[in-house]
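Protein chains in written order, with our numbering: chain A, 1 to 230; chain B, 1 to 411.
By construction, these hints were calculated from the structure, which means they are not laboratory data. As the structure is a computational prediction, the values presented were derived from the model and not from experiment. Where hints are given, some of them may not hold.
To be verified - Only pairs whose alpha carbons sit at most 16 Å apart, straight line, appear in this in silico EDC-like list of lysine to aspartate or glutamate: (1) A:Lys138 x B:Glu13; (2) A:Lys226 x A:Glu182; (3) B:Lys84 x B:Glu121; (4) A:Lys75 x B:Asp325; (5) B:Lys44 x B:Glu357; (6) A:Lys114 x B:Asp325; (7) B:Lys44 x B:Asp373; (8) A:Lys226 x A:Glu202; (9) B:Lys369 x B:Glu357.
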Amino acid sequence: MIRTADLRKTYTMGGQTIHALDGVSLDIPDGQFVAVIGASGSGKSTLMNMLGGLDSPDSGSVEINGQNIAGLGQKTLARFRNETLGFVFQSFQLMPRQTAVANVALPLSYRRPKPADANERAAAVLGAVGLGDRLTNKPTQLSGGQQQRVAIARALVGDPKLLLADEPTGALDSQTSDDIMELLVRLGREGLTIVLITHDLEVAEYAQRIITMRDGQILEDRMNEKAVAA
Amino acid sequence: MTLLRLAFSSLMERKLRSLLTMLGIIIGVASVFAMLAIGNGAKKSILENFDELSTRTVSLRPLWTGRRSSQSRPYRRFDEADLKELAALPDVELVSGTLGREETAVVPGADWATSITGADENHLYTEGMEMAGGRNLTPEDLEFGRTVAVVGSAAASRLFGQSYPVGQTISIRKVPFEVVGLVAEKEGEISWGGDENDFILIPRTTARNRLFGNDWLVRNQIDNIRVVARDQGAVANLQNNIDYLLRRRRGLSAADAPDFAARNFAAMQQSRAESGRIFTVLLASMGVISLVVGGVGVMNIMLVSVTERTREIGLRMSIGARRSDILRQFLVEAVVLCGLGGAIGLAVGYGASQFAEKASVQNGEALFKTVTDVPTALIAFGSAVLIGVVFGYLPARRASRLNPVEALRHE
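Using the sequences and the hints, build the whole thing.
The following block contains the structure:
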């Protein structure tokens, strides 16, 4: 369960005050696949950073599983990100000189206590996203879609409650995008809560719920009948 | 362990840059190590060259004073009364006085020009020599002016070849001396250009009366005196007492230039070594400067590295790395960089000091003796690691303070 209450955040840029978030209140039940869409500057990325504990609001609260993360210290936040969250980025953000397994196992190296079977777990998750035969390949030896699958595997390896995906298909062609989105839909069906940030309506159509943002406020919040029915 | 592996792999990704960065550290550690090795070697060879006895011995000799004749005092030799009073000073173990000349000693079938030394029973001890056969001079020899001689091993072999000298007779200036003792050969420690085993000792009184002409120039006179202190700690005080005593006996005030010299040879060598140490300190400080400059280079490269890897840092933070994890990662990387440089520097420094020792060999003896031991290596290596910690901290701290949102967006 994710609940935000009256989230506000302002930035000062070149003497101008920008309301990145202007009173956002939102409830997302467990297991829901939510897409947040909007033009650039609508505040959707800021919202994701708040949910991920990477940025803190000026006012308001972010509750995840009943815990308000807005006021946590950096150590507790780091632990929260490690144990509760998985991030997927537009540009994959893989370590270029490390193998797929090493990349996927990276979050486990920051877990305390450190699991002894980190590499086995990483290999298993890579198998689950369809890359069981690419374990020792480096990112440069993988296609864009495969790299994003590695990144998704890295987000999943720590058994997160919430997956935050920021334009996960932004760097991919349409065929590969569809594959990645179907993978996310499958993960959603398996019970993972997913928040997807995108400006692409076509991509957003995969989600059960579509939230449209503009100027730091929620413009529209609707259920996507097509995806819910599917 | 994981951190070390991570640091290694990240340094190996940029081999050339890492190597160039290490260069300053390598040079610094190498020169610090080489200088310590050479400095320690010099110290050790001084300690080896001077036995315990010489550190306790004060040598006295008369001195001309004044450069111009109007200021010059007459060359004044020591005498038997000086010797008696010196022997009565506190902390004196014994004293010995000598007067000597070069004379030709004659035996049937051979002759040899050697150093004829009028001495006493303590002389051999102050020279650190021992008897090989027969007996030493005795106080009675001096008292009665006996014509007896104790020969050094080199003089004995010149005069008598293989045959045993004790009991034979030597003529010096037509005065027959009975050989009563043979001195054991002393291994040369420092060579002064002559063979230190080439001498004949006779009683001081006999030397004056029978050989050197007992006139006003010679009567009661002594050329050189050696005073041996009971222990090394008393030497400085003893030197003051000797100075005071001799000035009083010679009517010199404390302000006058002395007309005698009192030297503790080991102390002189040590003070010469002290001035040599200035040279060592100079070179070592060059090493330290090189280390610091190398450290600044490391800091510079680490800052570049942090900037290049901003996105990596952002990602690590987003998947749960704490600030302290990032700090440690970059700090370990800097320390590994410096540690590697230190290890290479140790090898280079060891090679350089060995080369200095080998290259400086003259007449079979190395000018630079080196001592390469573990503590020296630890000091040099430790200073490299310290540089890594000190100069790696700022970049590592900067990395750990990055804002993850901005770091992830960094191009």
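Do the hints match the structure? See the list:
1. A:Lys138 x B:Glu13: Distance ~14 Å between lysine 138 of chain A and glutamate 13 of chain B Cα, so the pair holds.
2. A:Lys226 x A:Glu182: holds (14 Å)
3. B:Lys84 x B:Glu121: This hinted pair holds, its Cα atoms lying about 14 Å apart.
4. A:Lys75 x B:Asp325: At roughly 10 Å apart (the allowed maximum being 16 Å), aspartate 325 of chain B and lysine 75 of chain A satisfy the hint.
5. B:Lys44 x B:Glu357: holds (14 Å)
6. A:Lys114 x B:Asp325: holds (14 Å)
7. B:Lys44 x B:Asp373: holds (12 Å)
8. A:Lys226 x A:Glu202: holds (12 Å)
9. B:Lys369 x B:Glu357: holds (6 Å)
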